[in-house]
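Just so you know, the sequences run in chain order A and B. Each residue of the first sequence is one higher than the last, beginning at 1377 in our numbering. Each residue of the second sequence is one higher than the last, beginning at 1377 in our numbering.
Quick caveat, the hints were computed from the structure, so don't treat them as lab data. This structure is a prediction, so every number in the text was calculated from the model and none was measured. We put the CB at the ideal spot given by N, CA and C, even for glycine. Any given hint could be a false lead.
[As the list claims (entries may be wrong)] Computed cross-link-like contacts, DSSO-like style, restricted to lysine-lysine with a CA-CA straight-line distance of at most 27 Å:
hint	chain 1	residue 1	chain 2	residue 2
1	A	LYS1639	B	LYS1535
2	A	LYS1464	B	LYS1491
3	B	LYS1582	A	LYS1616
4	A	LYS1616	B	LYS1491
5	A	LYS1464	B	LYS1464
6	A	LYS1582	B	LYS1639
7	A	LYS1491	A	LYS1408
8	B	LYS1393	A	LYS1639
9	A	LYS1431	A	LYS1441
10	A	LYS1535	B	LYS1393
11	A	LYS1424	B	LYS1616
12	A	LYS1582	B	LYS1582
13	B	LYS1387	A	LYS1616
14	A	LYS1616	B	LYS1616
15	A	LYS1441	A	LYS1402
16	A	LYS1616	B	LYS1424
17	A	LYS1535	B	LYS1464
18	B	LYS1491	B	LYS1604
[To be verified] Residues on chain B that point at chain A, a partial pick, calculated with CB under 8 Å:
hint	residue
19	CYS1484
20	LYS1488
21	THR1514
22	MET1518
23	MET1541
24	ARG1546
25	ASN1618
26	ILE1621
27	ILE1632
2 protein chains.
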Amino acid sequence: MDFISQHITSKDNSVIKNFRKLMTSKKERRLKRQFVLEGSRLVFDALKNNAPVTKILVTESALEKFCGELEKYRSREIIRISDELGNKISDTGNTQGVFAQCDFMEECGVLKTLKAHGRYAVLSGLQDPGNAGMIIRTADAMGLDGVIFSGSCDIYNPKVIRATMGSVFRIPVFSDIEEDDVFMKLSAAQIPSYAAVVNMEACDVKSVDFSNGGAIFIGNEGNGLSEKTVSKCTYSITIKMNGNIESLNAAMATGIIMWELTK
Amino acid sequence: MDFISQHITSKDNSVIKNFRKLMTSKKERRLKRQFVLEGSRLVFDALKNNAPVTKILVTESALEKFCGELEKYRSREIIRISDELGNKISDTGNTQGVFAQCDFMEECGVLKTLKAHGRYAVLSGLQDPGNAGMIIRTADAMGLDGVIFSGSCDIYNPKVIRATMGSVFRIPVFSDIEEDDVFMKLSAAQIPSYAAVVNMEACDVKSVDFSNGGAIFIGNEGNGLSEKTVSKCTYSITIKMNGNIESLNAAMATGIIMWELTK
């Protein structure tokens, strides 16, 4: 275990204090430009995908279990913490004892050129971290070209990161992008924009021709997209079904539309 | 507030003790043939849909807020509890203070005749309550004829019930059904069965003709369907995508297949 740089048992240690702050405060994350990860799968997914992990924290029990795998990442700063501390800093009920601290992903904060006729999901006012994470995960499954956050929840919120199940390290995600910037880049890449609305007069998603690609705009869970955003989109689309559309969760609705977009 | 039958402030009161047992123990639920609900939306959805609610528990604070609505259900047993007790019996972090105790839904435990050429989801070994609830919710949205639980998690688990967002009271659900019984009733109703598998040689869900209806069999989150179940199904189908199918969550995959089944 010569790859362990230090052993922390006190909750007053500055590493632990900083970790907790990054976990709970968006302001702190923005200030330090760092975020945290919890869970063995998530941490190893980040490492495998070359995410800018700066520190790995691992409990004594977890160290026994993941020793072999951790050794591959010995060039990183790996810190051992007591099991008790692991339970203290955990954001989940039942921690696996593997945590990491990671720099913001550089390419995530700026919307550079989009892929010509690419396929994107744009979250505009979406607030629930579980939904946001599930959408990133599904976009990865369906092979979208990226997910853009605009006026939505914090992509670096631990609940969002956890709900992506590692997909956040596998597909391009863009955070805190101004809406005008989104429309400008879409236009430059010749990507039509589609506002997802609950309005039976909008175009049925089943009959949309997505052969030129498309950016799907998804709004807030309770209120949907703002009128202003809808009016800026090229088209309005909706999901027509026999059932009760009010029962469709935002992430599920987005999944259905992404399915039609990519098939 | 003459519709309040009693006021409970002690956690040792038998009503509270029974409520807690029903919340945490599947065995207790099976014994009493009752389950519990938490949350104003869920409780009022149950009442509106004539679910067999036997007791409504409401905290002092919640009573002020929901007094008018509760009065409509004055024929039921409505019990006031202290706010402190409300926090104690809550299964969520942030309770709304409205709870109910409900008899098992009579039609839920027996698989009677299925609708000829109907559309059903069959959960076979699915374990995560959040996924199970989300599938019931999405089946309601898409207008399926029912959801059948076979060898899966307990439909009356508070986490399942909560994740359905009230849909469990709106569409037919069947709990603890033997697999042989499922196949028998499907056959009688001339409904073809489709095993959802991750196998690129299986039939692409996009090209399946569901005009004779269909029952979609969904397996365990980690291991999928058992070979035995797959072999009993008429067809095997899969979701073909450009992306990483391993990233597709079980509830989302089921949602996509139900979408194809009903469109």
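Are LYS1616(A) and LYS1616(B) close enough, with their CA atoms no more than 27 Å apart?
The given pair, whose Cα atoms are some 23 Å apart, holds under the 27 Å limit.
Satisfaction of the ILE1632(B) interface hint, Cβ to chain A closer than 8 Å:
It holds, given that the least Cβ distance between ILE1632(B) and chain A is near 5 Å, below 8 Å.
With the threshold set at 27 Å, check whether the alpha-carbon distance from LYS1431(A) to LYS1441(A) stays at or below it.
It holds: about 18 Å lies between the C-alpha atoms, which stays within 27 Å.
Taking the closest Cβ pair, is MET1541(B) under 8 Å from chain A?
Where the cut-off is 8 Å and the nearest Cβ of chain A is about 7 Å from MET1541(B), the hint holds.
Hey, does the ARG1546(B) contact hint survive, CB to chain A under 8 Å?
ARG1546(B) check passes; min Cβ-Cβ to chain A is 7 Å, inside 8 Å.
Keeping to a limit of 27 Å between CA atoms, is the pair of LYS1387(B) and LYS1616(A) held or broken?
Given pair LYS1387(B), LYS1616(A) is violated - Cα atoms ~48 Å apart, limit 27 Å.
Regarding the hint that ILE1621(B) lies at the interface with chain A, is the smallest CB-CB distance below 8 Å?
holds, 6 Å
Is the straight-line distance between the alpha-carbon of LYS1535(A) and that of LYS1464(B) 27 Å or less?
With Cα atoms ~25 Å apart, LYS1535(A) and LYS1464(B) stay inside 27 Å; holds.
Taken at face value, is the distance from the CA of LYS1424(B) to the CA of LYS1616(A) at most 27 Å?
With Cα atoms ~25 Å apart, LYS1616(A) and LYS1424(B) stay inside 27 Å; holds.
Can you verify the interface hint for ASN1618(B): is its Cβ closer than 8 Å to any Cβ in chain A?
Given a least distance of 3 Å, the restraint on ASN1618(B) holds.
Hint check: LYS1424(A) vs LYS1616(B), CA-CA at most 27 Å. Holds or violated?
holds, 25 Å
Are LYS1582(A) and LYS1639(B) close enough, with their CA atoms no more than 27 Å apart?
holds, 9 Å
Comparing the model with each numbered hint stated earlier shows that hints 1, 2, 7, 8, 10, 13, 15, 19, 20 do not hold.
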